[in-house]
Structure formats: structure tokens, C-alpha cells
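Visitor: Chain residues, written in single-letter form:
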Amino acid sequence: DGGITQSPKYLFRKEGQNVTLSCEQNLNHDAMYWYRQDPGQGLRLIYYSQIVNDFQKGDIAEGYSVSREKKESFPLTVTSAQKNPTAFYLCASGMRGTGYTFGSGTRLTVV
Amino acid sequence: GEDVEQSLFLSVREGDSSVINCTYTDSSSTYLYWYKQEPGAGLQLLTYIFSNMDMKQDQRLTVLLNKKDKHLSLRIADTQTGDSAIYFCAERRGTALIFGKGTTLSVSS
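Line by line, the protein sequences are chains A and B. FYI, my numbering numbers position 30 of the first sequence as 30, with every residue one higher than the one before it. FYI, my numbering numbers position 30 of the second sequence as 30, with every residue one higher than the one before it.
Quick caveat, the hints were computed from the structure, so don't treat them as lab data. Among the hints, a few may not be true.
List of simulated lysine-lysine pairs, DSSO-like, C-alpha gap at most 27 Å [what the hints assert, rightly or not]:
no.	chain 1	residue 1	chain 2	residue 2
1	B	Lys67	B	Lys36
2	A	Lys57	A	Lys9
3	A	Lys70	A	Lys9
4	A	Lys57	A	Lys83
5	A	Lys57	B	Lys101
6	B	Lys56	B	Lys101
7	B	Lys68	B	Lys56
8	B	Lys101	A	Lys9
9	B	Lys36	B	Lys101
10	B	Lys36	A	Lys57
11	A	Lys83	A	Lys9
12	B	Lys36	B	Lys68
13	B	Lys101	A	Lys83
14	B	Lys36	A	Lys9
15	A	Lys71	A	Lys14
Fair warning: this is a prediction, and the values are worked out from it, not measured in the lab.
Chain A on its own, in the form it takes in the complex (with noise of 0.2 Å):
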């Protein structure tokens, strides 16, 4: 079945750490998208990506980076420089028109 991995499904971070959350589609999609999740918030979108080898900031890109090396792979890294990390991260793929599909979703807590 064609579908949108994100892994790990929770991830704990020290400070200081940088940490990588995955995310991997089969559906063929051109463009991905990563946004975090708040309480309250809604989904603010990070980063996102139409094409292999490249990608634009979101709204609140600052402190994370990302990488698109493969058509099917999106990986998000949070780095030190983002000073409050803890939140729900939803990765998704799509096609002009159709709408998103989303992962399950990452949980990052630091601790």
C-alpha cells in the first residue's frame, strides 16, 4: 500500500543535541512538507519542497534544516538553535489539487 512513514514516533532530545526525525513516501508525490503541531496552535508549516534538490522555508523555519536528496525522502533535522523543540511534527506529501497526505506524526520532547 502507498503511504507516508515518519519515524521514530517519539523522540527525546538533551539539550544542545541536534536530532533528525524522518519521513518517506511512496506515493510518488512531487512535493513534501514538514509543519509542527502546538496545543492550541494549529499546524505551522516548517519547510516544504516541490522538487529533489530543493526546498523553501516556511513560516518558522528558523532553527531547523532540511534535505532532499531522493524524491521519496524528506528528513528534518532540529538543531540546537531551535529553543523550543518540544511539539507534535507532521510530515506530508502531495500533488497540485489533491490535497495532502500526512504521517502519523513524530513526538519530540526534549528533556
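Here the structure of chain A is known, so what remains is to put chain B in place on it, guided by the hints.
Guide: Frame of chain A, contents of chain B only:
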């Protein structure tokens, strides 16, 4: 950018209809979407409407679009306890989807 606005909470009794409202910002948005999120899960696409339509019905779901007022609504007929979740509306702005903060629907039996 401007926000997509939704009311935060809605409480209904099982069997009643639920109406979730949304105000979007970009009159040139071509597609508008409704997503459902259950606790600890990702978002599930429920339905979408193209901007040249006024209404779309899909089983228990009815979407109404008022382009003049930039108002979108989702009606769930015969609401069940399994419909309890957070519902997000979203508009396409450029190449990304912009989401509202979500409406938490609580269904009591």
C-alpha cells in the same frame, strides 16, 4: 500572512448534526480542504471543494462554500461518538496549505 479562522470548540449530542465553520483569507484559493485529526495521529483528508462549487456532499458530510464572504462550513449529519476529533480547514496559498487552528468536536451520548 493572515490567519485561517475557526471556532475552537463544538459540543453536540450523538445523532445531532454538527456544523463547523471556517473563514479563509485568499479569495483566489482554488481548493479548500477539511481534515480530521484523532488523538496522537496525523491528519486525515475528509473532503475538499473546488472554488467554482457552492456545495459538495459526500455521505454524511456536506461542505458549503460562500466565496463572497470567504466562508467555508462542514456539516456532519447524524454525528457519532467516533466523530469526536479535531477538524481543520485549510486553504491552498501558493504551493502550500495553510491551516486553521482546528475545531475540537466533542460528541456526547
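Visitor: Now tell me, hint by hint, if it's right for this structure.
Guide: Hint by hint, here is what the structure shows:
| no. | hint | result |
| --- | --- | --- |
| 1 | B:Lys67 x B:Lys36 | 23 Å, holds |
| 2 | A:Lys57 x A:Lys9 | 24 Å, holds |
| 3 | A:Lys70 x A:Lys9 | 22 Å, holds |
| 4 | A:Lys57 x A:Lys83 | 18 Å, holds |
| 5 | A:Lys57 x B:Lys101 | 20 Å, holds |
| 6 | B:Lys56 x B:Lys101 | 23 Å, holds |
| 7 | B:Lys68 x B:Lys56 | 17 Å, holds |
| 8 | B:Lys101 x A:Lys9 | 23 Å, holds |
| 9 | B:Lys36 x B:Lys101 | 12 Å, holds |
| 10 | B:Lys36 x A:Lys57 | 26 Å, holds |
| 11 | A:Lys83 x A:Lys9 | 21 Å, holds |
| 12 | B:Lys36 x B:Lys68 | 26 Å, holds |
| 13 | B:Lys101 x A:Lys83 | 22 Å, holds |
| 14 | B:Lys36 x A:Lys9 | 19 Å, holds |
| 15 | A:Lys71 x A:Lys14 | 31 Å, violated |
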